[in-house]
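Using the sequences and the accompanying hints, generate a full structural model.
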Amino acid sequence: MTQLDRLSVYHWLNAWCIKPVGGALVRQEPEYILLALMGSPLKKIMLCSSEKEIFSVEEQVMVQHSVIINNMIEDGSYNHEESKIPLDCVDSKTLKKVIDYCTHHTHHHNDNQEDLEAWDAQFLNVDSNGLYDLLMAANYLEIRNLLDLIYGTIKNMIKGKKIDEIRRIFNIKDHGFTPEEEEQNRKEYPHFY
Amino acid sequence: MEEASASGNHSYSGSPITNIAQDHLLTILLLLPIDAIFSLSMTCKRLRAITSSDTLWKYLCKRDLGSSCVDALINSNSSSSSSSSIHNNNHHNNHHQFSWMRLYKQVYKMDSVTCHRFSEPQHGQLDFPSARASHSLNFVSNCLVLFGGGCEGGRHLDDTWVAYIGNDFRSMLRWQAVNSTSPSGRFGHTCVEMGDFLVLFGGINDRGNRQNDTWMGQVTYNENHSVAFSWKMLDVGAVAPPPRGAHAACSIDDKRMLIHGGIGLHGLRLGDTWVLEFSDSRCFGTWHQIVAQPSPAPRSGHTLTCIGQSRTILFGGRGLGYEVLGDVWMLDTCQGYLKWVPILYDLQGIPHSVSLPRVGHTATMVLGGRLLIYGGEDSYRHRKNDFWVLDVSAIPCTSMQHSTMSSSKRVKDKNMWKRWKSSRFDRELFLVELVLQLRD
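If you read the sequences in order, they're chains C and B.
Residue numbers for the first sequence follow our numbering, so the first one is 1 and each next one is one higher.
Residue numbers for the second sequence follow our numbering, so the first one is 1 and each next one is one higher.
Simulated from the structure, these hints should not be mistaken for laboratory data.
There's no promise every hint is true.
Here are the simulated distance ranges between beta carbons [unchecked claim]: (1) C:Asn-145 with B:Ile-34: 25 to 31 Å; (2) C:Leu-116 with B:Leu-26: 25 to 31 Å; (3) B:Gln-106 with C:Ile-68: 42 to 48 Å; (4) B:Ser-67 with C:Asp-174: 50 to 56 Å.
Where chain B lies over chain C, by a calculated footprint (3+ residues, C-beta under 8 Å) [stated by the list, open to error]: (5) 130–141; (6) 151–159; (7) 166–178; (8) 184–192.
Cβ atoms here follow ideal geometry from the backbone N, Cα and C, with glycine treated the same way.
Laid out in C-alpha cells, this is it:
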C-alpha cells in the first residue's frame, strides 16, 4: 500500500471512529486499526527547529493537528527515509512544547472535557514571551485548536483588568501618549485605571 | 506593519502583545466585551489605533447587533446615498457614509422611543376588532394576528383577526376576521411566534376553566394576494403542563418554546418551567418539565423574552401573596441542561426605581440584546406608561460556566436599567420605534 493510500485510510478511519458516550462505545485508535490491517510500524517524522535540533514525532500526531505538516506529507514533498521538515521560525523550546501539545491531544482526546481543560491551562502557564512564541508557532504550523486556546488565554488576561494592570501584564512600558493625553484619560475615566 | 516575528527572537521592544500581527489582535478583540476594548484603547498608542479601526467595529456590530441588522443597514444605506459619489474616496466600503464605531455607540446610547399610532378606518366602513384585554397580538409573516381576550363583563372572545402590514407602518390598518376552526374562547393565553408559525398555549375562559391545549397558527397568502389564517391543534401526546392562564411564554430557538408559572387550578399561582419541543415537521410536540434549583418563585402576569445568544429573561409578575415583583431571572439554554440564575440588582442607584416592579407589562427584545419593558401595573394598581430598558450585558461577569453555589450575579453597574423618554403615547395600537441617529 503506498504512503498516500495509507494516509487516506487513516483519515477515513478517523472520521468514522466513534467517541465513547457513557462508556457504551469504544473508540478504536486509527493507528492500531492500521497496524492490524497492514502490520507496519507507526511512521515517525523529523522536525528541525531553528536551532537545528531534530525532533522525532509520530506522523499521525502532527498530521492531525498541523495543516502545514499535513499538506507537506500529502503532496509527497516529504520523504520518510531521509527528509526532515525544517521549521526555521520555531526555536527548540517552543517546538518541544508544540509537539507536547499535539501528542497529548492525540493520545488523550478521549479524556473528559475538564481534564483536557486542566491540562491546557497548565500547558499555557508560561510568561507572555513564551505565549507569544507559541502563538507564532501555532500560526505558522496552522494548528487551529492551539491557536484558539492561546486567543482565549490572552483574552482572559485582558478581560476585566484595569489599564495599569494590562500594561504590567503585557510589559507595556511606554504607552506613547503625551502626558496631557494620559492625564486627560485618567481624569475622564478613573474607574478604568 | 509587522511580519510574524520569529519565535525565539527575544529582542522585543517592550511587550509582545503590541508586536502581535494585526489579524491576531483583531481575532482577540472580537472575543472581548466592549469595556475591555475600551480599556485597551487607552493602554497604548498602537492599541488605540487598532481599536479605532472601522472594520473592527463593523465586526463588533455584527457580533452584538446581529448580521441581519448590519446587512440591512448596509443595503439601506447604499440605496439612499446616490449623492455620495463626489466624496467617494472610500475604496472598500462603497457608499459608506456612517462609521460603524459611531453606530455602535449610538445604539448603546439610545434612550428614547417614538410611538406611532396606526390609522384606523372610519367607523362602519370596515370590520374592526372590538375592545378587549388579555388577548394575544403577534407580528408574523408580515401580518398582525389578534386572538381572543376578554371583553366587558368578563366574557371571553374567540375571534381571530389578521391584518397585513408588511414594512409600511403608515398605511391604514385593514383587519380581516378569520373564519376557521379556532381555539375555544379564552383570555390570559400566550401566543408565541416561532418562525412562520404562532404557538398558542393555555388561557382561562369565562367560566374560570384553565386550559392546557396547544395550537399552531399560520398565515397563508391566497392567489389574489388576500391574507388568511388557520389554526390547528397540536398533538402533544399524553404529557402536558397543568392547565393555566396568565403565564409567560417565549420561543428559545426555532424548535423550542418555554413557559413558566401562571395561575393554575383553584387560582393557585404556579412556578413550574416547561419546554415544548417540536418535531422537525412541526406536526407534533413534546412537553417536558425543567426542574432546577433555584427557580423563580411562583407568579403570574410576568414576561419571558429571549434576548439571543441562548439567553432568556424573566421579569416581574404577581407572586403567591399578591405582591408585585421586580426580580429578574436569566435562563441559559445553550448548555445541555437549562438553569435559572437570579440577576440581583441594587435599586438604590437607579432613578425612579420605585416604579420598576410590575405585572401585566410587555417585554420585547430590541437592538443590542436589550429588553424594552412597557406598561403593566404596580403594587398600587396604578397603570404604568413608562418605557424601561434592561441591559443584561451590563453585568460585569456573565460567565455561565462558573455558576456554582453563589449562582446570582450582582450588578454594580448602574447602567443595567435605564428609563427611556417617549412621546405621543395614548392608547390603542401603536408601533414603538427606537430613535437612532445615523447621521448628524
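Inset, instruction - Examine the stretch 151–159 of chain C: at least three residues should have C-beta closer than 8 Å to a C-beta of chain B. - result: holds (count 6)
Inset, instruction - Go check the stretch 130–141 of chain C versus chain B for me, would you? Three or more residues, Cβ under 8 Å, otherwise it fails. - result: holds (count 9)
Inset, instruction - Check the following: the C-beta atoms of Leu-116 (chain C) and Leu-26 (chain B) are separated by a distance inside 25 to 31 Å. - result: 27 Å, holds
Legend entry - Cβ separation of Ser-67 (chain B) and Asp-174 (chain C), checked against the hinted range 50 to 56 Å: 39 Å, violated
Inset, instruction - Take the C-beta atom of Asn-145 (chain C) and the C-beta atom of Ile-34 (chain B), compute their distance, and say whether it sits inside 25 to 31 Å. - result: 27 Å, holds
Inset, instruction - Examine the stretch 184–192 of chain C for residues whose CB is less than 8 Å from any CB of chain B, and state whether their number is three or more. - result: Answer holds; 3 residues pass the 8 Å Cβ test.
Legend entry - Satisfaction of the hinted span 42 to 48 Å by the C-beta atoms belonging to Gln-106 (chain B) and Ile-68 (chain C): Because 43 Å falls inside the window, the suggested range holds.
Legend entry - Within 8 Å of chain B (C-beta), three or more residues of the stretch 166–178 of chain C: holds (count 10)
When each numbered hint is compared with the structure, a violation occurs for hint 4 only.
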